[in-house]
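A.B. asks: Each chain is listed here by its residues.
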Amino acid sequence: MEPVVSELAVNLARAQFAFTVSFHIIFPAFSIGLASYLMVLEGLWLKTGNDTYLRLFKYWRKIFAVAFGMGVVSGIVMAYQFGTNWSVFSDKAGPVIGPLMAYEVLTAFFLEAGFLGIMLFGMGRVSKRLHFIATIMVAFGTLLSATWILSVNSWMQTPAGFSINEAGQFIPESWMEIIFNPSFPYRLVHMVLAAYLTTAFVVGAVGAWHLLKDRTNKEARKMFSMAMWMAAIIAPIQIIAGDFHGINTLEHQPAKVMAMEGHFESHPEGAPLYLFGIPDQENQELKYAIGIPKASSLILKHDLNAPLAGLDTIPREDQPPVAIVFWSFRVMVGIGMLMLLVGVTSLFLRWRKRLYEASLFHKFALVMGPSGFVAVLAGWITTEVGRQPFTVYGLLRTTESIAPVEAPAVAASLLAFVVVYFALFGAGTYYILKMMNKTPGELAKLPGTVTRTAGTTPAASLDPDAMNPAE
Amino acid sequence: MFDLPTIWAGLLAVAIFIYVILDGFDLGIGLVFPFLETDKCRDVAMNSVAPVWDGNETWLVLGGGGLLAAFPLAYAVVLPALYAPFIIMILALVFRGVAFEYRWRDKAHEKTWDKSFFFGSLLATFTQGIVLGAFVQGIEVDGRAYGGGWWDWLTPFSMMCGVALTAGYALLGSTWLVMKTEGILREKAYRISKITAVATLAFMGIVSLWTPFLSPEIAERWFTFPQLLFVLPVPTLVFILAGVLAFGLVKRRDSLPFLATIGIFLLCFIGLGIGITPYIVPRAITIAEAAAPDKSLMFMLVGALILLPMILAYTAYSYWVFRGKVDPEAGYH
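Residue numbers (the working numbering), protein chains in the order written: chain A, 1488 to 1958; chain B, 5 to 337.
I should point out that these hints are in silico values taken from the structure, not numbers from a laboratory. Idealized CB from N, CA, C, for every residue including glycine. It is possible that part of the hints are untrue.
[What the hints assert, rightly or not] One side of the interface only, derived from the structure: several residues of chain B facing chain A at Cβ under 8 Å:
| no. | residue |
| --- | --- |
| 1 | 64 |
| 2 | 73 |
| 3 | 83 |
| 4 | 99 |
| 5 | 150 |
| 6 | 152 |
| 7 | 218 |
| 8 | 306 |
| 9 | 309 |
| 10 | 326 |
This is chain B alone, in the form it adopts within the complex (with noise of 0.2 Å):
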């Protein structure tokens, strides 16, 4: 139970699910940015994220390198059979990404700079949901190698989840800005929220029901006897925190919506979780089979132990040091 490969499957999840939450919110942002018409109210959001975006990418680097180191077979194996939509995503990150400086360099072209941090953001939410559902789905593999065809990712499924992160990545952008902003941008923010909270919850609903379709061995694990009593929990606590989330929006509590939308994600990562183990690449590698030698485990897993809280605390001062609502009158530039 506790040998390295399952320990590093674990740490990589933690990876990834931090990195949905983080990244989510500031692509969330990117997401909702058209809708937030006034050039103050855009320079307002931009700022609330500015100082921390930076980092939150970082993670999805975590994402990847360490997929590579710990399980090389299944790095080998996904991103040749979702080679387009990795590079989409990966283009679309550089488009929003560069909108954060160049957007206060050149007031001429402020309105373009902010379609590439609208379109860049919404780009890669929609891969990145892709590459999800795809994955999810299944990846057909030959020996070593991605085995399947070019457009095996691209399937109503796939669009589907797609869809549906799209609409949760603009709640926990929104419900953020919630928090962090006030005045008119909190009005708006709210209005939003609303919007996205009621999309996400119902595109999640549908891809949850959808999920168990897919195959018989993730059917059995949630509707067989015995499991259903483990599993039973996710979808409660979901209905529970939608409750709160509502509450939350309607009652004008300031934090609570961002926080109960990180509580759904989380769920909804759980949920994912048991139907994907023990598998890495889903009914086709699994975790002890793609994972690297101990000797790679462990050497990494020494470092992992002592930095990831040490990143973790320095990460949380930032977060800190910009802590409470944004002043908008704040910025280096």
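Just chain A, same shape as in the assembly (with noise of 0.2 Å):
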């Protein structure tokens, strides 16, 4: 017997995967940011000696501390539910995606866990050098890991170098084609730089934060500096490389690109870029549009001209969801353009000398301290919802990839998920709020946060802080 599956449960599996996705991108979105970061305050301390480094290392890395942890007890849910409820997607699809994930397991995870432990908790147990070099290791852990997972997504929207067997498995003909496929370049530049972005908005705020409440600071100044550039360079080239993204979608999922533009007509001479429309798709139309004409044509083929297809090009059962698509890339690409203001700014109150005195732009830069978590989740939505109604992209229809589960199953599952991330999740975040309310100084100084303590280690005079516990 066909192991019959209702619509309901196909909703409630696809809530609970889009619950627990989401949840779970948001802690490696900033891990693999403040990874990178920890290993550059690190590097810039051994290279210059100047202890502010240092002690914004401490301060970062006990907030690392906790995020990764979060980020690894989710990651841990994930390695499982595709099996709980996508079991025949799983079957499937394994053969392909999972090696892949393998891979991420063995070269990324491991790597991560095995230098986390010396990074955290190894200062004054190894030398400073290797203390180093395992915040180096967890650093390029979480960027390898971030390089599998994109490559599976990545394949996933755009498969390639594989066969179909008789079971209807993919079967790998080229692992080549299959990790590089047309895709991944994009969407692994795309999501690193996101991740970068996301951190640096992150300390930025948490910089500004600390400067409107003292701006001689000399941490609070550090680090906002150090965020801003971070905003002023990449905020730029991120939203270059989102317009190849752009294009290579188009090129390879068009149907996305036209839920995400809102083009349920096809533009023979020239498409238009609505800014603002309701997505009515029960009638096939954007109802109270406004737009620019054919600019959707020039960012798309660079050229006004270009005739554009509209989603009446394709079949009704094959269209991802357009609302949600339409206005997740409007929020991401907003947010994208309010970074660049910041990171613009920033550039000018640096060459007018005014960046740590201009409180009304620490205010801005502390509203914009989430902004990435938003944008990141935004772009994923734009990305996954516009796959739909596919989990690979018009091969394997999300309805055909469900497990036999039922429905009352899986709705008990997704209630369980959503009250325990929430509450533990919510604990976390209110802790960490809680660090980056202290300055690093006062944080070094709680009470029961002993860095290490002076005199249970041979080298404790390797710790500035240990020495000088006053400062």
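Starting from the two chains in their separate frames, assemble the complex, guided by the hints.
C.D. replies: So, in structure tokens, the structure goes:
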């Protein structure tokens, strides 16, 4: 008997995956950038001997530890959810995506985990050089992890290098084509830059918060300045990278771009760029549309009069849900523009030597603190919902990917995930915010927050804080 | 004999065994946590595993990811069959995992995170035992999917496996503490170890005697004459190691009880393997049937052969850095 799965069960499983993966992605997005930041801070400390860098390193390391812990435990959920809710997908796509995920574990997770202990607890136990190597390995591990998982995700978006056997399984033919599938390079660059921006805006907001309270605070000035450099450099690069990614998506997943742009109709002589509109998928039209004539063709084809096909060329059952994709895309782009504004403004203020005095700008940077997370989530929704109704684009439908589970079971587990995640990750976020509210100096001095205690290790003198706890 | 699916079944078995030992002792710390009454003892116990627990749990991710990659059909059958225990297990692991960081961040709610650590460890351990038991007793397969009911995993046998594994992990945890700590914590750990050692051996005996009655196939492997000669060393060695464990606990050789416990786990694992091969879903799907195509297995094997020794090397190095008795003042907090 073929297992019968109700539509409700499919939608619940979908919701469960969307919820757990959205929650999960927040932590890697933060820890990829933060790990690299920690590496830079420790490197600068070793190079210059300036203790400000060390204090910043220790400060952000504590925050990293909490965020990383949440990332690890929410990641374990992902490793098993493919099986519990999407077992048919696992059976069929497993031969292709399974090895890539296994490589992620073998190259990245173990590396991060193996050196994390030394990075967190090893100061004073190993030499400065070895400790720095451990920090580098953790940062490198987060980037490797991103590489593999984006290869998997990109393959699901733009599958390549496979054949299909009689059991309906995807069989690898060329690993080079599978790993370096058509959308992978664009997606990887876009995601890593997004992670760096996310972290830059969090660091910038914490710096701004402390500058607002005391603009002479050395650590706050340093972190704010570093974050603003990052925003000024990365935000424009990210916008260009996003443009390339969009052109690649148009080539390989045209329906997704049509939904992003709100093009229900084909435009033979240049498509407008809709700034606003209410997508009405039922009637296949964009209501109340406000657009710039021919701008969409200019962005996507770099030609004002290039024809663009619309969703009218895609069968209804193969169209993604337009409204979600349309709006999440606009949220992402809007935040990207605001980030660019922050970066440019910081350059101007720096030139006028007012970077640490402009409290209005500090307030703006503070408000922008969580913007990276929102943009990452919006971008993730754009690309994932835009792939619907397929799990493997064009080949395997979401409705055909699900496990033979019953709706009540999926509903119960979904409820459990929601309750547990909000409670535990809510608490974690609260602790992170509490730590951020302290300056690096205050956090190091809190009772119960011993760094390496002097006298317990032969190399305590390596650690200036241990020698001068009052500082 | 040395075809790719068999090699991968072996590698996965090794990965799962490493997981059981490594996360076994840090889950075990969680299990004995309520009996380490003073805060100081708890702080030290937690710091004894804080630098390594994350690496330990990575083996579980490798187990899941490796099963999906090498035996996608088995993964697709086993996970829906054990839906509830797996969901409970991962949620429980979330609870205890966050406790490692949270408990230091909030003195006012330290007790809450201690409970989260204990109950998370307990539920994760118990459900792992249930998964093991349900797996051994067999899973109903229909075509390429799970064909049984929702509650098939819930049997007296699987519950007994849950109890046995809980005792076993508690023994791993308490003997780890004996090895890694000093003073009153070590004294406590010795006392707990004696209790958990007796409990582990007793429950393990019950499960071992019960298993052959689950299916005539398993019984045949253990109780017919020529095979008997090959399998007999397993229970014999268990008895010897039980003696070593008792000796270590009574004569207070700090490292010996932990090592003996690992040996006992290894023997049980081998005994389990004897009962299961050549199946990967017991008595329904063989290793060969579930295997991914050779192209997938070969691609991964190249990486695994290069990377696994490296992983073992730097993991060992990390344990080496934190070797010896735990310093009561240590921690980055």
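A.B. asks: Against this structure, judge whether each hint is valid.
C.D. replies: So, going through the hints one by one against the coordinates:
1. 64: holds (7 Å)
2. 73: Interface hint status for residue 73 (chain B): holds (3 Å vs cutoff 8 Å).
3. 83: holds (3 Å)
4. 99: holds (7 Å)
5. 150: It holds, given that the least Cβ distance between residue 150 (chain B) and chain A is near 6 Å, below 8 Å.
6. 152: Interface hint status for residue 152 (chain B): violated (10 Å vs cutoff 8 Å).
7. 218: Nearest chain A Cβ about 24 Å off; hint violated.
8. 306: Hint violated; residue 306 (chain B) Cβ to chain A Cβ min 10 Å, cut 8 Å.
9. 309: violated (11 Å)
10. 326: Result: holds, 7 Å to nearest chain A Cβ.
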